[in-house]
Structure formats: structure tokens, C-alpha cells
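Number of protein chains: 2
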Amino acid sequence: MPEDNTLANTRERFHIPDGVRYFDGNSLGLMPKVVQLHASNVITHEWGNGLISSWHSAEWRTLPQRAGAKLAALIGARPDEVVACDSTSVNLFKVLVSAVRLRPGRRKIVTDADAFPTDLYIVDQVARLFGLTVDAVPAKEIPSRLDDQVAAVVLTHVDYRSAEIYNMEEFTRATHDAGALIVWDLSHTAGAVPCDLDKSGADFAVGCGYKYLNGGPGAPAYLYVAARHVSACEQPLAGWFGHARPFDFAQKYAPAEGTDRFLCGTNPVIGLSVLSRALDIFEGVSIDDIRGKSLQLTQLFIDSADRQLATHGFVVASPRDPAIRGSHVSLRHTQGYAVMQELSRRKIIGDFRMPDYMRFGFAPLYNTEDEVHQLVDAIDGIMKERAWDKPEYQQRRDFT
Amino acid sequence: MPEDNTLANTRERFHIPDGVRYFDGNSLGLMPKVVQLHASNVITHEWGNGLISSWHSAEWRTLPQRAGAKLAALIGARPDEVVACDSTSVNLFKVLVSAVRLRPGRRKIVTDADAFPTDLYIVDQVARLFGLTVDAVPAKEIPSRLDDQVAAVVLTHVDYRSAEIYNMEEFTRATHDAGALIVWDLSHTAGAVPCDLDKSGADFAVGCGYKYLNGGPGAPAYLYVAARHVSACEQPLAGWFGHARPFDFAQKYAPAEGTDRFLCGTNPVIGLSVLSRALDIFEGVSIDDIRGKSLQLTQLFIDSADRQLATHGFVVASPRDPAIRGSHVSLRHTQGYAVMQELSRRKIIGDFRMPDYMRFGFAPLYNTEDEVHQLVDAIDGIMKERAWDKPEYQQRRDFT
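Just so you know, the protein sequences line up as chains A and B, in that order. Letter 15 of the first sequence, counting from 1, is numbered 15 in full-length UniProt numbering, and no numbers are missing. Letter 107 of the second sequence, counting from 1, is numbered 107 in full-length UniProt numbering, and no numbers are missing.
Just so you know, not all the hints are guaranteed correct.
These stretches of chain A come out as covered by chain B in the derived footprint (C-beta under 8 Å, 3 or more residues) [what the hints assert, rightly or not]:
(1) 23-30
(2) 80-91
(3) 178-185
(4) 215-227
(5) 261-273
(6) 349-361
Derived coverage of chain B by chain A (criterion: at least 3 residues anywhere in the stretch with Cβ under 8 Å from a Cβ of chain A; other residues may be distant) [as the list claims (entries may be wrong)]:
(7) 76-84
(8) 250-263
I should point out that these hints are in silico values taken from the structure, not numbers from a laboratory. Glycine included, each C-beta is placed from N, C-alpha and C at the ideal position.
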């Protein structure tokens, strides 16, 4: 297959360390080259020289909205429905409390028992504060758990381990049929997998800025609120940046009109500005091309793994059906942890999730077919040479 | 008075824009020169080359604790009682909920009606979640409002407008006498005004990283939890970085042993690393010298204002008693807003707070007596020339 047109030149916009084959864009995206100079400018010129005047002259004030508008284009939202701020966990807290308050009297939150843990923890905290129960079940069972006692559903669009995509329209419809509201976590979606929040009728969403969006380590996260809900939303982290007129220094809180009301404290300017600049890479890139490239890479990996790796005992733990496959592929293997470490020694980087998931992210903006072949050949070689069988590889260390 | 010894060389560690006289370190501290190269290294080397391995090799994981330990030395805390993370507003939410949960059955939160608004908003949100009432009164009346129905007191140590210092030992004792817990906001304290959280028996504190700590625009904030409380604390933003073993990816939350349990989502690495590096300027600097320099500058400003500016109608709105004066001085004047703009045109930067407070911050690490003289002469000159009387200065614009 030929490379897609709009993606032909995106790889060269990233810094790729010497000799590294990087399959962890689903954890921390590569550094866009442009952010080096950009961050230097933010620090030296905007902060160092501009000082407080940069809140206006460098438009620091509108960074959450400007980054949000760029993000909106990737997730099927209106520009004014998304703001970038805080962390995914904090944003989930804000939107889930808002959702629960929009459904008073209902007693349950339903969520995916296999969600990324921080989502489960925040769901539990919100439930505790509002005296609700949590029904944490396999994602596929969620529709069968919905009734008139459910206030909200929290579901990750692309599963962080298997990369299975849960159908946004279907889950949203089922949730609405029960009179509840849905919160989507798009951490493994935005920048790699298409979704259409508005068209699917979604209510709320949150997501992470440092994976396929390449915003840098611990980049600010984002949140989405459907325009039809925002004026009724009461979020609990009502800080001064969410006030209608922050610089009136009013003693009483009055929420800003739109999604701005979901902002809390002073925003992390350097991180937000880096994220916003990194998002410019997506300008002019078609979401269909991104999806096409992602499927091309994941399919090639699965086919090659079937051919070369199945005999070594590797099991593909991601959907074979491309329609429901995100942009990473997990293999399971009892020696998966050791194999990942030997790969890392060879500068081939993926990550590992308990208990035995070897995760390989295929970032449509920069990964290539050639890299996929190198990855599969390397795993094959490691198994043939038993290069995973070193005592130091048995001692677990955290992968992030 | 001679310059203090340990502060003799700190000014030159900051970038001072050409011709600027900067009196707004109480809003956004000057850029320490060292952060330029440092941030460039974090971005290019740690992110760009190290990628996910930098969570270990560059110790990204421990940034909240490492920055926290540096901060602890400035506020009279043990190194393990402070972590840097999130924003001041978010951190206030975490510690205030924790405080309220430690005092079940009590129905009130008492706070300073003139606190910085974001604190008031967060107090209101916590009260709403727990069905409590808020008693917002002038700070001095707080002790008279304390009874066995008060769960927590929230008070800013140095008032953001007047710079009045509220006695930490006395307010803490009064709070404890009523069986309640106290949360201090140290945003206008740390880095300029001494305080001793541990010695005064304080329970919780929060504060901002971008004022006298020079952490950069929207720098991460911090929080303090007295060691005696931490194991009983249940904070509501229980994200995966606060888990005892985040990389077990356990479905159920188990809080980390110490102050780490107050972390929430993935930390903003670039901002945290810049803050942590900026804090190194305080190494080897004595808190007494910082206080001495601060009082020298504020006293000189007040004395000069009395001599040169009182006749123009300026009123000193900060304490004349040095024992209760923080590191900024506010003047009040009906034309204050216009005067600040003309000062700004002359590259003399302070800020303005409604309705008529002209705030001048004197940052002990970099402001000089000579600058104070230039400031007072400039205001005097502006009044004599009526240079404030320009139509464009009557239109309000936000100062941050």
C-alpha cells in the first residue's frame, strides 16, 4: 500500500532519537521538532521579557480555548465545546460531578471494570461524595445494566490494553434510552482513531494530551461538554479561571457562559502552549488518512505476528476486526515482560501492562511499515536466541 | 542599610528585561536565567531523546516530592510533608475536603471574606458537597466565630491586597481550641515571608508556585499536610499517581502512605521541572535575610511614599507595623488604575486590584533600594505632570 498523501511528510516533523524504533506513542508521543524553539520562546520571550503583560500580548488567557479548538477538530466537536486544562483525572471529576448533578435522584454510575484505573478511582470518589453505587462491569455488559436508576456511564472509547473500540453511537444511544448521561474517555482515541462526539450525541468527554497528541510529558488534558448541556452544568472545581469575570475578583462565583466554566485555577502556561503548538501538526491532515495509516500499520503487525510470532506462543490480544481496533496492538506472552526489556535494550520501545500485555502503539503521524517489519523481526530473533532469558529481566520495574 | 550577605548575588540570577523596573513578583516572578537551559534540556533531552525511560532516568516520577522538599524548607515543614502538583485551587479542594472528613458532624467552614476569590469559590463548593454552611467574615473576626460546629478554617497567611500577615500560631491555636482544623493559603508568603507550619501546629496549607517562587506562568502549586494527619486523610481527587502502587494498575484505590496520596493524575513534567530548578535559587539563602531585605524595601517604599506621595492623595493601604507586613505594599488612589498604566508605559510594572489598590511587590531576591527610589520618583512625576490623565487610561483592562 502506498503511504497516504497528507501523512507523507508528518514523520519528519518529529524528533526521532538515533537508532530508536518507537512504538509507545500511545503512552508518550514523540517530540515535535517545532516545540523546542516554541518552548524556548515562551520561556525566554513571553515569560522572561513579557512578564505579566503576556497574559494579553501572548494571549496566555485564551490558551485553554485555543488548544481546545484544535482538539475539537480531531474528536468531532465544535471549537467552543472543548477546553484544555488540568489532568485527565481532574477533568473526569469535573464532568462526572456535572453529569450526576444533571440527573438528581438517580443512584448509580455504571462503568467498565477494566477501564484505566485512574478513571475507576475517580468514579468511586464521585460516587462516594453523592452517595451513589458503582456498577463496574465488562464494557460489553454496560447496556444490560442500564435502568432508570443510572445517572451516568463512564466508558473509555479505546481500551487501554486491548485497543478495542467501543461503538460511540451505540453506547451513547443505550445510555440515553435509559435517561442517563455518558462520559467518554478519549485518551487512546484523539489523534489516532476517529470519533464524532457531536454526531453520536455524546454528553461529556475527557482525554489526555501526551499520547497521540504529542503534547509532552504530563501535558495538560482536555474536556468536552456538549453545547446543549453547558449552561446547566455545575462543576465542583469552580476556580477563578472558570468565573464569568475573573478580574472582577468577586466574592461570589458566577460561572462563565460556555465551556470556560470548566476551568479551575491559573492554567499551566508553558505546558499548554507546548501542547497547543504540537497540535498544529494535525492541521491539514485528514482524519481518514490518519485512520487509514493506523489500520495499515496495525494490520501489518497482526499479519506478521501471525506468520512469525504465533509459533513462539504470542497471542494477539487486540481485535482482528479492523472496525473495532484502535491504534495499538497488544500481544500476550508469559515472557512478555522480559521480551519488552530485551527489545528496549535494542532501542525498540513499546510498553507493558499487567499481567502480560506487550503493547505496541502505531502512531499514524510517524510510524512506518518498515519499522513494523523491524519490530516483528526483532521479537522473532529474541525468541530464537532466547535473548529474553536473562536474570535481570525477571525483576519487575514500572513501565509508564 | 547594607545589602544582606546571602542576597548579594541573587539578583543577577534573574533575567531582567531591558529598562524594566519590576514590582510584580507577587503576581508572576521574574525568570531565573537557569531555567532557559534547563527547560531546553527537559524538552530536547529528557522528552525528545529519553522518552518514556525518563520517568526513571530523569526521575520524572519524583518531581512532586523533590520540588516539595525544596519548598518545605521555606515554609517550616518537613520535606515529606509537601508535594508540588496541580493548581492552588485544586489543591485547596483536596485538603479542605480532607479536613472536613476529619471532623465529621461539624456543620461549618469559617473563612476570610476578603480572601482571594478562588479560595472563596472552592470553600463554597466543598461546603455544598458536604452540606455545610460557610461563615465568611473579616479575618480578624474569625476567632470569635469558632465553636464546636466548625470543621475547618481557611485563611490566607498574607492578604493579597493589603499584605497584612495573620499570625499563624494564634489563628491555629484558636482553631484548635475549638476542635477544628486550619488550612493556610501561603501564596503570598512562600519565598518572601517566613512562616513555620510545623512549629505553629498548622494542619494543612496550599500555595502558588509562580509568585515569589519564580516557577513560571501557571507553575504547579503545592500542598502541605501535617505528618500527624496524613495517614487518616481521604482526599477526593484520588488519581493513579496518589495510589500506593500506581503501576499495579489495581482496580481499587489504595492511597500511598504519605503526602503522595494527595497527587492525582499524571504530573505536568515540564512545568514541575522548571519550578523545581527555579527553587534552587533559595539554596543557601537564609530566610532571615529574605525577611530582612523584604522589610528594608517595603519600609523604604512606605517612608518615601509618606514623604513624596501623600500630598498627591495616595494612602498606604498596607500595615505600617513591620511585624504584620508581607512583601508587597498597596497604595490606594482614585486614579490608581490610570497611574498604573502610565507607570507600565514607563516600564515600571506593578499591578492593580479592584477597586483602587495599586500593588507593588518587593521580591527580596531581586528588587533593590535604587528601584524603590525610581518607583516613587516616577509616581511623583506622573502626578505632577498629570500624565495619568489620558482618555485611554480610563478604559479598564484586566491586570493579572
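Looking back at the hints listed earlier, which ones does the structure fail to meet?
Hint check: 3 and 7 fail, others pass.
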